Every structure is written in C-alpha cells, then in structure tokens.
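Visitor: Residue-level listing of the chains:
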Amino acid sequence: MTSDLQRERLAYRRSRARRSTLVALASTVVFAAAVWFGVTGAPGWPRVRDSFFDWRVALRSLPAVAGGLWLNVRVLVVCEVAVLVLALLVAAARTLRGPVWFPLRALSTAYVDLFRGLPLLICLYLVGFGLPGLRLSGVPTDPVVLGGIALVLVYSAYVAEVFRAGIESVHPSQVAAARSLGLDHRRTLRLVVLPQAVRRVLPALLNDFVALQKDCGLISVLGAVDAVRAAQIESSLAYDFTPYVVAGLLFVLLAVPSGRLADRVARRAARRQGAL
Amino acid sequence: MNVLSVTGLVKEYGGKRVLDGVDLEVAEGEVVALIGASGSGKSTLLRCVNLLEDIDDGQVFLLGRDVSDPRVDPDLARRDMGVVFQAYNLFPHMTVLDNITLAPRVVHGVPPAEATATAMDLLTRVGLADRATAYPDRLSGGQQQRVALARALAYDPKLLLLDEITSALDPELVGEVLALVREIAAAGRTILMATHEMGFARQVADRICFLDGGRVVESGPAAQVLGNPEQPRTREFLRRVIDAGRLQDPRPDRGGRV
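Chains as they are written, first to last, in the UniProt record's numbering: chain A, 1 to 276; chain B, 1 to 258.
Derived from the structure by calculation, the hints contain no laboratory data.
Hints are all accurate, no fakes.
Have a look at the derived ranges for each label pair, beta carbon to beta carbon:
#, chain 1, residue 1, chain 2, residue 2, range
1, B, Glu28, A, Ser3, 19 to 29 Å
2, A, Ala26, B, Arg240, 52 to 62 Å
3, B, Gln86, A, Pro203, 27 to 37 Å
4, A, Thr95, B, Ser140, 25 to 35 Å
5, B, Glu28, A, Ala270, 38 to 48 Å
6, A, Ala26, B, Arg233, 54 to 64 Å
7, B, Asp73, A, Pro203, 26 to 36 Å
8, B, Asp243, A, Ala270, 38 to 48 Å
9, B, Ser140, A, Val85, 42 to 52 Å
So, partial list: chain B residues that the calculated Cβ filter (under 8 Å) puts toward chain A:
#, residue
10, Asp56
11, Asp57
12, Gln59
13, Pro70
Since this is a predicted model, take the numbers as computed values, not measurements.
From the three backbone atoms N, C-alpha and C, an ideal C-beta is built for every residue, glycine too.
All chains should be built: construct the whole structure from the sequences, respecting the hints.
Guide: Written out as structure tokens, the structure reads:
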C-alpha cells in the first residue's frame with residue numbers, strides 16, 4: 001500500500017532521527033569529558049579528592065549515614081501527609097466567601113504570609129528551642145517531632161498557595177454548573193473543583209515535596225541524628241568531608257524516583273485531559 | 001500553475017485512515033469549499049496542507065513545490081499560507097494589533113511601522129479599527145474571528161485556509177464573518193475552506209469537494225454538486241443537511257443555510 005515516495009520519506013526521517021541521536025551522544029560525551037578534565041586538572045584537585053572523595057571513609061561512614069537517612073525518610077512521610085492536610089485546609093479556608101468567614105480567611109492569609117516569609121532555619125530554631133522553653137505540659141521535647149512541626153508549618157504555607165492557584169485556575173463556569181445541580185460550597189469544592197485543581201498543580205506539588213525531602217535534613221540543627229547529623233559526626237571522627245558527600249548522594253538518590261514519579265504523573269494527567 | 005495540489009494524501013491516526021488518498025487542486029484565485037460530515041477529514045486535510053501533521057503518504061505541492069518533502073522547512077512553506085481556525089486561536093496576552101503584526105514583524109521581517117500600518121488597513125477592512133488596542137477577550141466571537149482573518153491576511157499569503165471558521169459562533173454573528181470572507185474572495189484571494197454553511201459555499205465557492213470516508217467523493221462547480229449531485233453518497237449527505245437545517249431553523253427568510 002505504501003508508495004516508494006513514502007518509504008523514502010520514512011527512511012529520510014529515520015536517518016535524521018539517527019543523526020540527532022548521534023549528535024546528542026557526541027555532545028554529551030564532549031561535555032562530560034570537559035567537566036571531568038576541568039575538575040581533575042584543577043591545581044587543588046588532589047587535596048579535594050583526598051578530603052571529599054575518600055573511598056575508605058565513605059564505606060566506613062555509610063552505615064551510620066544510611067541509618068540517619070532512614071530517620072529522614074520517616075520524618076518525610078509523616079510531614080508530607082501533614083502538609084497535604086494542613087495546606088488543603090488553609091487553601092480551602094482562603095476560598096470561603098462571605099463576612100461570617102472573615103476571621104478564618106484572615107487567619108489563613110496571615111498564616112501563609114508569616115510562614116512563607118519566615119526562613120526555615122529560623123522557624124526551626126523558634127519551634128525547636130522556643131517551644132520547649134515555655135515548659136508547658138504536653139509540649140513535645142523530642143527534636144525530631146519539633147523539627148517536623150517546623151517543616152510542616154513552613155511547607156504547608158507554600159503548598160497551600162499551590163492548592164489555591166489550582167483552585168482559582170478552575171473556570172468559574174465549573175462552579176456554576178456544580179451549584180446549579182444543587183451542590184453546596186463544600187461539596188462543589190470537594191467533588192468538582194479540587195479534583196481538577198489537584199490534577200493541574202500536581203507537578204508543582206511534587207516539586208515542593210522533593211524540596212521538603214531534602215529540607216528534612218535541616219532537622220539536624222536541633223540535634224536529631226539524621227543523615228546530615230550522622231555525616232557530621234562521622235566527618236569529625238575521620239577529619240574528612242567525605243561523609244557529607246555520602247549523605248548528599250543518598251539525598252539525591254532519594255530525590256530521583258520522586259522526580260521520575262512527578263514526570264509520570266504529569267504525563268498521565270496531561271493524557272487524561274486529552275492534551276497529548 | 002495551481003497554488004495548491006494534493007495527490008494521494010493519506011493520514012492515519014492510531015491505525016485509522018482519516019484521509020485515504022485525497023486528490024485536490026486549487027488554482028490561483030479559486031475558492032474551493034470542502035464539505036462533508038463531521039469526522040470526514042476536512043480539518044485534517046487542512047492541517048496536512050499547513051504541515052501541522054506529518055502525512056503518511058502522498059504529496060502536497062504549494063506553488064509547484066513539494067512541501068511534504070521532509071527536507072523542506074515547514075516554517076518556510078507556511079509563510080505562503082494563512083490559516084483561520086474554528087476557535088479563533090487569537091493570542092489572549094496580546095492586543096488585537098499585536099496579534100496581527102506578530103507574524104509580519106517576527107517572521108517576515110517587516111519594519112514595525114509598516115506592519116502596524118498594514119494591520120490598521122486590515123482592521124479598517126474588517127471594521128474593527130477602533131478595537132486595535134483591545135485584548136481579544138473584550139471582543140465578541142464574530143469580532144475575534146474577523147481579527148483572526150486579518151491576522152491570517154497580514155503577510156499577504158498565497159493561500160488562505162479556513163477551518164470551519166463560523167462553527168463556534170453564535171448564529172447572529174455568523175453573517176458578519178461570512179460577509180468578510182465573501183469580500184476577501186471577491187478580491188481574488190485563493191481560498192480553501194472547510195465549511196458547514198452550504199448556502200454560503202454555494203454563493204462563494206467556485207468549486208465544492210465532498211469528502212466522505214477519507215476521499216473526495218464528488219467535486220465540481222458549486223451549483224452542480226449542491227443542486228444536482230451525481231454520487232448517491234453526496235445526495236444522502238445533502239438530504240441529511242437539509243433535514244437538520246429544517247429542524248434547527250424553520251424560518252423561511254433565513255436562506256443562508258440550505
């Protein structure tokens with residue numbers, strides 16, 4: 001059925017595709033080589049290699065750092081769930097209309113303004129050292145819990161804004177359609193607006209979660225023995241920075257699947273909306 | 001020489017043949033209307049001509065040059081074609097004037113002052129000179145579509161492709177757009193258009209091509225194809241159109257649609 005012309009056309013396209021692949025491959029190799037020789041040719045490279053990339057130190061510190069990372073992962077999972085819930089509530093509160101809801105609306109706006117502006121490190125210090133300093137009964141003193149609270153407070157402010165952007169991106173006609181069917185504000189939000197909003201902001205949400213993933217390492221400043229803290233301890237034992245590199249690599253490895261997952265979820269969402 | 005010549009055009013989507021060997025010619029100054037049921041491939045044909053789709057077989061010649069050759073830069077070929085889409089597709093972040101001058105300035109290298117002057121002339125022709133600085137969402141559908149026509153004409157293309165440009169419009173706005181197309185056609189522009197407006201096609205088109213099952217089933221002068229079709233499938237299609245027209249619009253004074 002296919003004409004010679006079309007066969008020739010397909011062959012040409014294939015040869016073009018092959019050529020692009022080869023060009024991409026070659027440029028990647030050249031770039032990698034340039035970086036490699038640029039770094040290893042630097043005058044201070046031998047010293048950097050010894051103090052940052054020492055295999056023996058890396059192997060020795062790996063169990064402790066990996067054990068610390070396990071704490072990070074647990075903190076991450078709990079914080080992610082808490083951030084999702086809190087952020088959704090804040091975002092929903094900001095969409096409420098009518099004077100009755102003014103205090104709630106104002107409170108959530110103030111919350112977002114405060115915690116989005118507050119540097120995470122300062123928030124960690126305030127919550128981690130200030131809160132137990134009050135000596136109230138029932139206030140946790142575990143640095144892991146306190147660090148988690150600070151993370152949730154700051155990240156919920158970001159994620160709430162992501163949710164709000166998604167909610168506001170859903171066309172008002174969707175709300176009109178839902179209300180015309182007799183759904184109240186809450187059910188309109190839950191059944192019609194949020195499903196569309198969440199799908200739309202998923203890439204941004206997952207982006208924030210990858211950021212949260214690595215910022216979990218900051219709870220070490222409160223004394224929690226996580227991957228960063230473990231690396232610090234190992235580092236001072238060995239007089240060598242290699243454990244930090246090990247911890248950094250482990251965090252990157254942890255982030256890679258999240259990044260791929262984000263890509264996949266975004267592609268699937270786009271396909272379902274008929275954009276692909 | 002034909003402005004457009006399509007031979008044996010095949011286009012498949014996921015194994016389904018939407019176009020199955022279409023042959024079509026448009027001579028200079030000619031107005032050709034593509035008619036056919038929804039899904040008969042009218043829009044796909046226009047998209048293939050504009051090289052927005054990779055075709056699966058056949059050839060597209062524009063001004064005698066095979067633009068379906070993969071060695072041809074589609075962006076260069078598109079400089080000779082203007083397209084108006086069903087949903088206007090104006091850029092919402094640009095004013096009416098910027099929408100029209102974009103391609104002349106950026107693609108065709110026309111000096112901004114000259115591009116603006118041409119655009120203002122066109123806007124006067126489409127009756128929207130006073131809306132030059134407005135943004136598209138401030139305009140009615142009919143006005144937006146007239147701007148889209150001006151945008152497609154701004155670089156004086158050899159071939160104008162109109163893809164069901166009145167389908168998204170409210171009935172009372174269809175007339176103003178069709179009147180403008182009639183004027184553009186009368187000025188000698190070569191036009192290939194997909195349309196559901198049979199009455200309009202009869203008045204404006206020199207030739208009508210009826211598409212069915214991915215092929216041109218019947219082609220000929222407008223009066224002949226619409227008034228006295230040879231093919232049973234064309235007759236069947238026109239009968240359904242007339243029935244639907246009567247159902248939708250019983251008023252006798254709106255003779256625009258057959």
